[in-house]
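Take 1 as the starting number for the sequence shown in this note's numbering and just add one per residue.
Treat the hints with caution; some may be incorrect.
[What the hints assert, rightly or not] Simulated DEER-style distance windows between Cβ atoms:
#1 109 <-> 78: 15 to 21 Å
#2 77 <-> 120: 43 to 49 Å
#3 158 <-> 68: 25 to 31 Å
#4 110 <-> 13: 18 to 24 Å
#5 145 <-> 63: 20 to 26 Å
#6 63 <-> 115: 24 to 30 Å
#7 123 <-> 32: 47 to 53 Å
#8 131 <-> 169: 31 to 37 Å
#9 110 <-> 16: 31 to 37 Å
#10 15 <-> 159: 38 to 44 Å
#11 78 <-> 149: 27 to 33 Å
#12 48 <-> 142: 37 to 43 Å
#13 115 <-> 65: 39 to 45 Å
#14 19 <-> 82: 16 to 22 Å
In case anyone wonders, no lab produced these hints; they're calculated from the structure.
The structure presented is a predicted model; accordingly, all values stated were derived computationally and were not measured.
Don't be surprised by glycine CBs; every beta carbon is placed ideally from N, CA and C.
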Amino acid sequence: PLALIYALGGDHNDLWMMSVLMVGVWLTLRTRRAEGAGAGIVATSLKVSAAPAALFLLLGSPRRRHAVGAAALTAVALAVIVFVGFGHADVFVNYLRQLYHGGHAFARRYSVPALVGQVLGTGGVHGVTSGVRLIASAVLVAWVLALLVQLRRGGDWLTLAGWAQLATLITTTWLWPWYI
């Protein structure tokens, strides 16, 4: 009940994103891989931090082409809904511009990149500069690529998805306690 009050009353989308992502995991484990991949896309549309785990939902499927098709169809449907509902994409473009040009609203004092930036004396907001953000993003991409290599070698997609989510937590500059 407290989680529901927090999510509904606090206007947070974390609970919704993780719920949809876990439905995707459940569907995938029940061999409904196309639906699981679609749920991963929906979870990512709710909050982009679901993307690394959703990637493993998609690529971990033995019927990868079918899962990719379902994910693409879901993404197109969501894009149409957003475009019809809002009529433009400038909010998302502005968000990305702020994020990668030192937007202070996207830095929290106790995120790992912020702590590293503070130790190194980089300045910026809580130690986060565009350079720190770029390095954190590069670490995330390298980490996920290494996990994808493990997947290609026969690694368990669910375990690797968990490691990908850990990478997301470690490299994000916007870390709140409930993300864990």
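Unmet hints by their number, sorted upward, for this structure = 1, 3, 6, 8, 9, 10 and 12
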